[in-house]
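K.L.:
Listed here are the chains, written in short residue letters.
There are 2 protein chains.
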Amino acid sequence: MPATLTPDALAGKHRPALDRALDAIRSRAFWSPHPEHPKAYGESAPADGHAAFEALRGTRMDLGQPGTDGWAGDEVSPYGVELGVTYPHADPDVLLPAMRAATGAWREAGPELRALVCLEILARISARTHEFAHAVMHTSGQAFMMAFQAGGPHAQDRGMEAVAYAYAEQSRTPQAAEWSKPQGKRDPLELRKTFTAVPRGVALLVGCNTFPTWNGYPGLFASLATGNAVLVKPHPRAVLPLALTVQAAREVLAEAGFDANLVCLTAERDGEGVAKTLALRPEIRIVDYTGSSAFGEWLEDNARQAQVYAEKAGVNTVVVDSTDDYRGMLANLAFSLSLYSGQMCTTPQNLLIPRDGIDTDQGRKSYDEVVAGLAAAVDKLLGDDERAAALLGAIVNPGVKERLEAAPGLGEVALATRAVVHPEFPGATVRTPVIVKLDAAKPEAEAAYLEECFGPVSFAVAVGSTGDAVELLRRTIREKGAMTVGAYTTSPEVERLVEEACLEEPAQLSVNLTGGVYVNQTAAFSDFHGSGGNPAANAALTDGAFVANRFRTVEVRRPA
Amino acid sequence: MPATLTPDALAGKHRPALDRALDAIRSRAFWSPHPEHPKAYGESAPADGHAAFEALRGTRMDLGQPGTDGWAGDEVSPYGVELGVTYPHADPDVLLPAMRAATGAWREAGPELRALVCLEILARISARTHEFAHAVMHTSGQAFMMAFQAGGPHAQDRGMEAVAYAYAEQSRTPQAAEWSKPQGKRDPLELRKTFTAVPRGVALLVGCNTFPTWNGYPGLFASLATGNAVLVKPHPRAVLPLALTVQAAREVLAEAGFDANLVCLTAERDGEGVAKTLALRPEIRIVDYTGSSAFGEWLEDNARQAQVYAEKAGVNTVVVDSTDDYRGMLANLAFSLSLYSGQMCTTPQNLLIPRDGIDTDQGRKSYDEVVAGLAAAVDKLLGDDERAAALLGAIVNPGVKERLEAAPGLGEVALATRAVVHPEFPGATVRTPVIVKLDAAKPEAEAAYLEECFGPVSFAVAVGSTGDAVELLRRTIREKGAMTVGAYTTSPEVERLVEEACLEEPAQLSVNLTGGVYVNQTAAFSDFHGSGGNPAANAALTDGAFVANRFRTVEVRRPA
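Those protein sequences? They're chains V and G, same order as listed.
Under the working numbering, the letters of the first sequence match residues 1 to 560, in that order.
Under the working numbering, the letters of the second sequence match residues 1001 to 1560, in that order.
Just chain V, with the same shape it has in the complex:
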């Protein structure tokens, strides 16, 4: 098929954005090329997107892939809606060789054209952001606005960030060099050298349930932009957003004259555990994964033929030492605990509060007062059911619900959870967060607060002093990992101690957030998501290390 998307057309359309993205990763100032307001997508976009999503329900999504040996898929939205979409189930013996074979021309395309094709894929996805929003909402359980923003523009921004890093990394070495070594009075030695970025092979993306696009796009686009083929294995409960992604990618690749099999999907049947089989295949040279520590560690231990980029469990801590904006602090924390029912890898879990209280702009506040204040702030934030549902979204799976229900058994409940009736989807499980009081002085409490309790459960942990808090923070990061750390303090010395702990372990730190930025949110092109230096994740989104080892550089030298 002749390419209908020419390199020139792609360059005209996307090179300015690529240049802007390259600037952004150098400055890490604010830049968000994909608008986060739903209205920015045109007047008919909301209805069109909703209709497109509804039209998908009950269909078979045939992606035209080789080696499709059946169909799989039985997603049920956390909002109670059956999606009824089925997806290709792949025979890896057929599909993987076809994918590997697709990489030759893709390698020859070079870093720039690969980047431009990736940006066109993102543009196609962006144009369907409303459709994706429903797909993300009805697989992750995120509320619509969050599904729209985090699953749409923010995920697309992260994808573009990965493309920019991949392009920059491959462009650090010139494509060719003339080498001339002086030999005194004799003629110089002269060589002509070429340098080609070559892919590792086929990359496997193991998708997650809660942020299928946001957590999936960095690895997908980093691998694709560095010349690899990418096989997407979504979480069985969150296939649709990634299937739409694969569809868009295949469409663009074909139009640009490349083999659509550079990006493929494989769904899995119930209990099949196909990721384990795929991850050990010799063709798979890269694995990107977000999910449990158990499987992340299994991948690291077993998929030894591959580079494994794994985001796993962690225990996020906030050190509460003092504040000059008590209300702002409580409101900010209340929002962080509530957003998407705490089902984010970045949601704070342990709030470390000195047993004898903290200094605030409203006077000294005892430990009990701080905890009660936080509980009241959450109550106030979630007082109205409609607003609560729009912030909480739905509980994503029964495991989260079980942990939430078991939480009162762990300690004194400072804030009880309550069921919220979703105004539109009465079948959804919507719950407000629980806050449990624990005391670090009681050894039996450790089993609770030193494990990840994923979901809307947080622990107000009483500590002897801020110094003790910093020590516990340090130990928590080192032993359990952390995607985020927060701190509230008016003391430069405490701030220094917390920062030192985060530099040494290492973890990403937010200090004194009291306004409209939350510890659990990061912005592409500016914030790093995870540090890659503690057990919660072995890579950060996105830096040079995230892309540098997805390709290798082959040098060919010849006499000049």
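Hints are computed from structural coordinates only; laboratory data are not their basis.
There could be a bad hint or two in this list.
27 Å max Cα-Cα, derived DSS-like pairs, lysine-lysine [claimed, not checked]:
1) 380/V - 1185/G
2) 1437/G - 39/V
3) 1039/G - 185/V
4) 1401/G - 1437/G
5) 185/V - 1380/G
6) 1181/G - 13/V
7) 1185/G - 39/V
8) 437/V - 380/V
According to the in silico footprint, chain G covers these stretches of chain V (three or more CB under 8 Å from chain G) [what the hints assert, rightly or not]:
9) 21-28
10) 535-547
Every residue, glycine too, gets a C-beta built ideally from N, C-alpha and C.
Given the coordinates of chain V, assemble chain G onto it according to the supplied hints.
P.N.:
Positioned in the frame of chain V, the structure of chain G alone reads:
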């Protein structure tokens, strides 16, 4: 102790070289800041260097390290000279915490100052290049000129290359950013962000016998420049060059006001296997290793708390298809096989030659004629004992000698080895290379040519066609790895096929080398050493991937 080497003084002295190095890694044109001619080091340098080396013999090298619980060292030069130097043997329970504690101020120094200090260390080493040359010669068995060049300026160039990559990588993210996110009519959200490159912890350098400095410096300087402390565990037969390196590093670090324990040495006692113990210590977060595949794979399998950069065994291949410079080809190959008795990880092992001969500028040459021609070229090159010794150096250890002596049992000998009497060191084991004929059509030959036979043994493997040669090349790289691939051909199509194989596997390729550049030599700042994409090595010297994961970036964000 007040710093006598100030940041300003270091910048004045070394910033221009750092900038030049940053240019070089972008252009990969010729640059070699450390002169390779012995005369460039001053008139008295040869005698001074020799005297300094002689003065070291029989001494105890006390580096003033904490946790020294004894002394070890019993190096005997491959030239028959007993060195008699003893070195500190470390108690890791004392030494490693001291090293970790040293990293705080080193992290705070920032990437530029760290780079400048590293360049000062290299400058001190450079000033002692003659002394190092003797140390390398009498541990590796390299001939003096090679020990001088490869162990001196070329190793120093590779070290500086690693410093440049480390600095560039850490400088890609700004130290601070102002972030302002528009909020329509409301005030923008504003954050002040800082980004700090933080080390992984303590790096372990496991040195090798044949190229202690050349193979050691990239990892050592990459780790140090990215803020890590580095513990050097040399090969028991090649301690001195790295001990002198540690000595120079400690001297400079102290003068610059840093803790000298950022770079430490531990020697080991006979059969102690201390690398295994050290590599599993939780403080060790990076391991650089050059040596056997068995131990390299053990490190990769077991030192899971660390990033492991391992250069292991490989089988280097030259495809001989055709040439328009038959004499040049034979002379070039003869030199490559002879240099340092083939004891380089880059020396060609398998020469794949079509059974029915090749086209040359001197007419058609049969397989037998090509092999005989190569044997004659080696004979001519090594005909004079003095010249032979200056090229071959000494056999580094009994294992190499055993393999050399066993080689005639593998097939028909096309060129027999002979003993050369070293003019200065009659106790040295000096041997010319052996060339053994094998036929790929005979299945039993595979056991010989598909294993690394490290040392002066090469195989002239008869193949059915050049196409067969390319297939065998491909299989050899994939299954056994390769640091280098060579090809001789006048056919653009053959050249394309070989290049395609090297791009797909991947491996570094040299085509039609007939002059003064050899397949087994690479130049820092221009050539990559290894691809990092086949079993011979999981990293290349030096690229972004070699440095990017030696540090992590910690972000701290605060309301602006």
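K.L.:
Does each hint hold? Answer for all of them.
P.N.:
Outcome of the hint check:
no.	hint	result
1	380/V - 1185/G	26 Å, holds
2	1437/G - 39/V	75 Å, violated
3	1039/G - 185/V	16 Å, holds
4	1401/G - 1437/G	19 Å, holds
5	185/V - 1380/G	26 Å, holds
6	1181/G - 13/V	25 Å, holds
7	1185/G - 39/V	16 Å, holds
8	437/V - 380/V	20 Å, holds
9	21-28	holds (count 4)
10	535-547	holds (count 4)
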